[in-house]
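6 protein chains.
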Amino acid sequence: MAENRAYILTEMTWPEVKEALDKVKVAVIPVGAHEQHGPHLVESCDAVRATEFCRLLAHRMYPKVIVAPTVNMGVSYHHMPFPGTISLKPATLISVLEDIVASLKVHGLKKFLFLNAHGGNQATLEVAATIIHEKLGIDIAWLQYTSLSREAMGQHIKSQLSGHSCEREVSEALYLAPHLVKKDRISPGDLKDLPYRYMSIGGGQIGVNYTFKQITANGALGDATRATYEAGKDIVEEALNRVCEFLEDFIGKR
Amino acid sequence: MAENRAYILTEMTWPEVKEALDKVKVAVIPVGAHEQHGPHLVESCDAVRATEFCRLLAHRMYPKVIVAPTVNMGVSYHHMPFPGTISLKPATLISVLEDIVASLKVHGLKKFLFLNAHGGNQATLEVAATIIHEKLGIDIAWLQYTSLSREAMGQHIKSQLSGHSCEREVSEALYLAPHLVKKDRISPGDLKDLPYRYMSIGGGQIGVNYTFKQITANGALGDATRATYEAGKDIVEEALNRVCEFLEDFIGKR
Amino acid sequence: MAENRAYILTEMTWPEVKEALDKVKVAVIPVGAHEQHGPHLVESCDAVRATEFCRLLAHRMYPKVIVAPTVNMGVSYHHMPFPGTISLKPATLISVLEDIVASLKVHGLKKFLFLNAHGGNQATLEVAATIIHEKLGIDIAWLQYTSLSREAMGQHIKSQLSGHSCEREVSEALYLAPHLVKKDRISPGDLKDLPYRYMSIGGGQIGVNYTFKQITANGALGDATRATYEAGKDIVEEALNRVCEFLEDFIGKR
Amino acid sequence: MAENRAYILTEMTWPEVKEALDKVKVAVIPVGAHEQHGPHLVESCDAVRATEFCRLLAHRMYPKVIVAPTVNMGVSYHHMPFPGTISLKPATLISVLEDIVASLKVHGLKKFLFLNAHGGNQATLEVAATIIHEKLGIDIAWLQYTSLSREAMGQHIKSQLSGHSCEREVSEALYLAPHLVKKDRISPGDLKDLPYRYMSIGGGQIGVNYTFKQITANGALGDATRATYEAGKDIVEEALNRVCEFLEDFIGKR
Amino acid sequence: MAENRAYILTEMTWPEVKEALDKVKVAVIPVGAHEQHGPHLVESCDAVRATEFCRLLAHRMYPKVIVAPTVNMGVSYHHMPFPGTISLKPATLISVLEDIVASLKVHGLKKFLFLNAHGGNQATLEVAATIIHEKLGIDIAWLQYTSLSREAMGQHIKSQLSGHSCEREVSEALYLAPHLVKKDRISPGDLKDLPYRYMSIGGGQIGVNYTFKQITANGALGDATRATYEAGKDIVEEALNRVCEFLEDFIGKR
Amino acid sequence: MAENRAYILTEMTWPEVKEALDKVKVAVIPVGAHEQHGPHLVESCDAVRATEFCRLLAHRMYPKVIVAPTVNMGVSYHHMPFPGTISLKPATLISVLEDIVASLKVHGLKKFLFLNAHGGNQATLEVAATIIHEKLGIDIAWLQYTSLSREAMGQHIKSQLSGHSCEREVSEALYLAPHLVKKDRISPGDLKDLPYRYMSIGGGQIGVNYTFKQITANGALGDATRATYEAGKDIVEEALNRVCEFLEDFIGKR
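Protein sequence lines, in the order shown, are assigned to chains A, B, C, D, E and F.
Straight run, no breaks: the first sequence in my numbering ends on number 249.
Straight run, no breaks: the second sequence in my numbering ends on number 249.
Straight run, no breaks: the third sequence in my numbering ends on number 249.
Straight run, no breaks: the fourth sequence in my numbering ends on number 249.
Straight run, no breaks: the fifth sequence in my numbering ends on number 249.
Straight run, no breaks: the sixth sequence in my numbering ends on number 249.
Treat the hints as calculated values from the structure; they're not laboratory data.
Keep in mind that a hint or two might mislead.
No copy labels: a pair is met if it fits in one copy or bridges any two.
Below are the BS3-like pairs computed for lysine-lysine, each with C-alpha atoms no more than 27 Å apart in a straight line [stated by the list, open to error]:
| # | residue 1 | residue 2 |
| --- | --- | --- |
| 1 | 177 | 248 |
| 2 | 153 | 100 |
| 3 | 187 | 106 |
| 4 | 178 | 84 |
| 5 | 84 | 130 |
| 6 | 105 | 178 |
| 7 | 177 | 228 |
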C-alpha cells in the first residue's frame, strides 16, 4: 500500500532499516525552522512542510530514498522580534547536520540531500555541505524546494514581496498539512517600505542584516487571503518532479 | 476544552505565544533520541515519548508551562552498531539546548526543565545545564522522567536489566503513543553476560565505554512481552505527579 | 587631487585615520580569493578586483567610505584540483571578518559592507554577517558586486555558463587591473557537460558539491576571447552606481 | 620494598617508564578538584585524595597499573560562592583528559580509568569518555570511587545529606592524607533546607542548578565530628577491592 | 630576466604554478600586520615589508622557493589605542596559517617558512607551527627576519628602545618599499618611562600586558630621523643571507 | 613562623582564603610540564620546580602574593619520542589558565603572574595572556624564571647548549627539590649536531619544529655532572630577587 511504501526513518525499527539499506541510494534530511509565521500559520510550519514534502518524495522515489529525522529548528534571527521564535546559531545547525551525516555514513549511506523549507537556512546549508564534504568525503546537495516551482509560481502567485506566511506558503500548507493553517485568521501582510534599495529580500542583490519587524507589522508577506489548495498542489508537485529528476542524476553519477 | 488547554509552542501562532507568555513560568524542553529500540519499537521512540509526556505535563500545569520544540536526536553512540541509529556529539546537543534557551530568554522565559527520555543524554544534559547557567544566568533543571516512578516500577516491572526497549519502555509507549509499538514483534531482550563487574548499566557504579551489541543481540533489554498499558499509565502518572510537585517548588523560588 | 581623495586604510598613518574617522560612515572590506583562474588570469584575480573596485568606490563616496585591508583568500575548495589554489575554511573566513569588524568598531565604525568578488564566498559572508551582527550589534551588508550589473551584462556578455575566468571577468580585469591578464593566453572555457540537472552553477536552484575539474578542463568558463575593456568598464561602473545608491540608503538609516 | 613497587609517572625517569610499559595494562588518571571544603579540610582535598587512592591502587595492582599526573582542578561552579574555589569549564576538563589519553596512547597505553574524587566532575567525565572513545578508539572507565563502598558506608556513616566535607570525607582524609584535616576546626554542616523536592543532591532524581551556599552556611554537609580513621580505612579499602576486581575484568577483555 | 625569476603565487596562473611545483622545495608565507606605525609609516608597513622581503628571497633562492599570498593582518592588540589598527585573535591567525599550509600540502609542498615582520605575531607563529605540525606532519620554520641582522644592527642603529616605527624600521622601509614612508613627517619616538622593570619590550625577560600608548605618545620608538637607505639595505641583505643559509639546511634535511 | 607565612591556596581552607584576600595583591600560577628529563630527573621536574619556586616567592612577598594550584602539564610535543611524556595542546593550556584566572577574578584578584618553569610553554603563555587580558580585562605577566638569573648563570654554568636536564636544571633541583634528582644516574647530555644553522634552541633566531630525539640521545643537554647545590641556590635566589622587584612595580601600578 502506498502510504507504507516510503522509508521514513523515524517510523522504522532497526531490522526494517537494515533491510531497507540494501536498496536506498540517498538520504534526505528535512530541514525546517521554528519561527513566527504571521497570525495564520503555526510556528512549526517550515519543519512540518519539510517533513511532509520529504514523505511524498520518499514515496515517489521508493525504494531509493530514505528520510532522516527532521531538523526542526533553523537560523531565524531575523524573526526573533516576534514571540516564540527560536534560532539556532549557524554553527549549531552545521553540527547537527554533520552528526546526522556522519552517523548515517556509518550505516553505509553515501549521498545526501538537505531538503530545506526555510530561506534563512540556505546559506548555512551551503556552508554545511562544504564543510561536511571536506571532512567526510560525502556528496551533498541542498535545496529550498519551492525555488524549483517556477511554472506553478508564475501561474498562481500574484502577491508581490512573497516568501513568508504568504499566498505561496499558505497554499502549500493547505495541500501538505492543513492543520498548520488557522483559517479564520488569514490576513495579508501588513507591509512597510523596504529600508534600502537592492535588498535581496526584495528581489535585489544585496544581503543586509534586517528583521521582519522592519518590513511587516504582522509577520506575514504577500497576500495570504489569495491562497488555495490547488496552487499549493501545483507548486509542491512541480518541485517534487524536479527533485526526482535531479535525484536520478545524483544517484547515477559515479 | 482540555486538549486545547496546553501551551505547545509548535502548535501556536506568534500572537498566541505573546498572550501565553504573560502567564507561563517555566519552559519545558522535551529531549529524546533517534536510535534503535529492538525489534518492537520504532527509532523515534524516545523523542515521541518525551514529546507526549510534556504534552500531558503542560496540560496538568496549564497555564504555567509551555513546551518547546522537541530535541529529536541525542547522544546514542552506544547504539550505533544497530542500523538507523543517529548520534549527536555531546557538544552539538549542548549547542542546540543553549540556542533554544537563549532564544526563549529573549522572549522573557527564565526557568527551564530539560525533560529527558533517554538515559544516554543524562550526563550531557547536566553538563549543558552547568554551561548554560554560567553563560546566561538561567535556572535549569534536568530529569530522566521515569527515574521518578519508584513505586509504579516496583509494583509492575519484574524484568532484570531493564532500561531500553524493555517491559517498562513498551508499557510507557502503550500508554503515551501506541503507534510506536510493533505489537506483533514484541520480544524479550536477547541478553549476553555483562563484560565487567560493577558496570553502571547493570546497576553498578562504574561507567565504561560499551555498546548495546555487547549486551543484547536484538537491541532490547528486559522482557517486553510483559508490558501492559496499565503499567505504562501508572509509571507515567507517578512521574507526572512528582514533576508537578517539583515545578511548583521551582516556580515558587525567588 | 582625485587619486588621493579616497580613504584607503593600508595607505594611511594613524593621525590621518584619526582625522578621517570624523567623516567616515561606512567601512568597506574587500573580500577576494586566491584560486586558479584558467590559463589567462593570475590566481590573485578576485583579491585584486575586490581591492580596485573598493578604491573606486571610496573615491566616489569620499569622505563617507573607508576601505579596510583586503581579505585576500576565501572559500575555494571547488578549485583545489588546480595547482596553487588556497582555500580558507568557512570558519576561518568568518573569524577574519569578525576580527576586522570588532577592531574597527573599537575605532568608532558602526556600518560595514563586505564587498565580495568571489561567488564561492557568498554563503559564508551571509553566515558571517549573521553571526557578527548577533555578537557585536553592528549592521552589515554583503554583495558580490557584479550581480548588480544586470544591464551591462545583458548588453555585453554573450557567453553561456559565465562566472569564472570568463568573458565577464576578463573584461572587468582589463578595466580594473590589466596586469592580471595574460593577454597572449586568453582562451575559451574547455567545458564539459554539467553532471546534474538544475545545478545552481548552471543557473538552476540546486546547490551540490562539485569541483571545477568536473565542468571545465582548463579552469575557465564562457568565452574569454570576447572580453573587452569597454564591457568591463560598463559592468564595473553600473555596479558602482548601484552600490553608491545602496550606501546612501544604508548610511541614512537610523 | 612496597612503597617503591607502584608505577607513579610523576616520580619516574623516562628509562624507568620505558621499562614499566612492557608490563602495564591500564593507566589510571586521578581526577580531583580545587574547591572549598568547609572549615576543616583544605581546598586541594579532592585532588590529594584521588592521588593517594591511586597510589594505593597502583601498589595493589603492581605492575599492571600506572598512575598519570593528577588533574588537580575540576568542575566546581557550585562551590564558587566560597573564597578560593576554582572551576574549570567542562570543555577544559575534557580537553585536559583527551590530551593525557592521546599522549599516553602514543606510548602504547590502550585502557584508561578516570579515578574521580569529586562528584561535580562525574557527568563531565562520562561525556569526556564518550568523546575520547569516539576520537581515539580507546576504552575508558570512570568512577567516583566512594560510590563503591556500600558496605562500609552503611556500617560507619550515620549523617544525613552526606557527600562533601562530611563524616565520610573527613574519615577518608584521616586515612589517606591526614594533613588535609584541620582537626581543631572540625564542625558539623551548618545546613539549610533544600530549596526543591526531589533534588539529586538530596538523594532524589532531579538535577538542578544550585550552589552550596543555598544548602550549607559553612560549606560542609553531614556531621564531620563523627569522622574516624577506621571508617576511612574501611571505606577506602572496600573501594580498592572493588576497583581491583573491575580492573581484572577490564584488562582481561579482548 | 631577474624580476621574473621569482615564484610569486599571486602573480602566476595555474599552469605556471604546475610547472614551478616540480622545482620548488619550500613555501614561504609572508606574515605582516595592519597597525599604527607612528606619524611617518603607513599602517600596512609590516605586511608590505614581509611581502617585499619574500620577493627578494624567492629571487635569491629561485627556483627552490615559492611565495604564498601575504597574511596582511596579525596580532596587534597592543596597538589598538591608535586609530586604524586591526588585530586578529591569535586563534584566527593560526587558522589562516593552517588553511594555507593544508591547501599547499594538497599541491605537494612539504616544508614551510613563516616569514614574519611583526614582533607581536611571534608567539602565535610558534604556537601555530606546533599545532599545524602535529595535525599535518609538515615541517615549519618561523622567523622575525630582522632578528638575524645582528651585525648590521650593531653597526647602524644607535637608538635605544628600538623595534617599531624606529630608526631600524624606517631604514628598512626606505630600502624595501619607500612609498611606506611619509618623509616629511619622520619624528623620533615620543617616549614615556617603561611601567615595570625587566619588561621584555625593554630588553628584559618578563612579558606583561601593555599597550604602546603606555610607552610612546606618538606610536614610534627610537629615533627615526636617523634612518638611512644604506642601513636598511645592510639590515635586509644580512637577514637575506642568513635565511638563505638556513633554507639550504632546511631543504637538505631528510 | 616562616613556613606558615606564605599563602598557598592548596593548603588553605576557605575561611583562611577569605581572610588572606584582604591583603593579597597578586596571584601567582606555577606552570610546569610533565615530560622526560633525561636519565637523572623525574618527569614532574618542571611542575615541582615551579611549585617550589612559587612557595619561596610567596614567603618572600608575604602577604601580597597567593599561589594558585600548579598547572602540572604543559606543551611538550618536542619530548614525545621519550616514554611517559604528556603534552597538552596549546589551546588546552590556554583554557586551563583562563579558567583559573576567571575563577580567582570572581574572588577579587586582579593581577596575575604565570610563573613558568618550562621553555616549551613560553609562547603559549604569551598567547594565553593576550587572550585572557582581552576577554577579562585582567593584567597578566609571564616569565620563565631562570631567564632572570643572568649573573648566577654566567658565574656557575659552563655547559654549552644548556636548557634541559642540564647543569643548570639539576643545580636548581638540588636546591629546590632534591628528591627530583636520581643522583646515581647523573649523566652529561648525549648530544648530536643541530640539524640547521640559526636554530633558536642553539641560541639562534629561527624557530623550527624539532624533537629532542634529534639533538640528544639520552634526553639531556649540557653536562649535569657539574651541577651543584650552590649554583642552584644562586640561580634561584637571583631570580627570586628580580621577580620581587618586578612584582613591587606591578602591584604599584594604577
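**Request:** Go through the copies and call it for residue 187 and residue 106: within, between, both or neither, with a Cα cutoff of 27 Å.
**Result:** between (43 Å within a copy, 22 Å between copies)
**Request:** Pop the pair residue 105 and residue 178 into one bin, within, between, both or neither, using alpha-carbon distances up to 27 Å.
**Result:** Neither way: residue 105 and residue 178 sit 42 Å apart in one copy and 33 Å across, limit 27 Å.
**Asked** From the Cα coordinates, with 27 Å as the cut-off, is the pair residue 178 and residue 84 best called within, between, both, or neither?
**Response** The answer is neither: 32 Å in one copy and 41 Å across copies each exceed 27 Å.
**Request:** Using 27 Å as the alpha carbon limit, work out where residue 177 and residue 248 are close: within a copy, between copies, both or neither.
**Result:** neither (44 Å within a copy, 36 Å between copies)
**Item:** 27 Å Cα threshold - placement of residue 130 relative to residue 84
**Value:** both (20 Å within a copy, 11 Å between copies)
**Request:** Pop the pair residue 177 and residue 228 into one bin, within, between, both or neither, using alpha-carbon distances up to 27 Å.
**Result:** Within one copy only: 19 Å inside, 33 Å across.
**Asked** Between the shortest in-copy and the shortest cross-copy C-alpha distance, which are at most 27 Å for residue 153 and residue 100: within, between, both, or neither?
**Response** neither (43 Å within a copy, 38 Å between copies)
Hint compliance for this structure: hints 1, 2, 4 and 6 are broken, all remaining hints hold.
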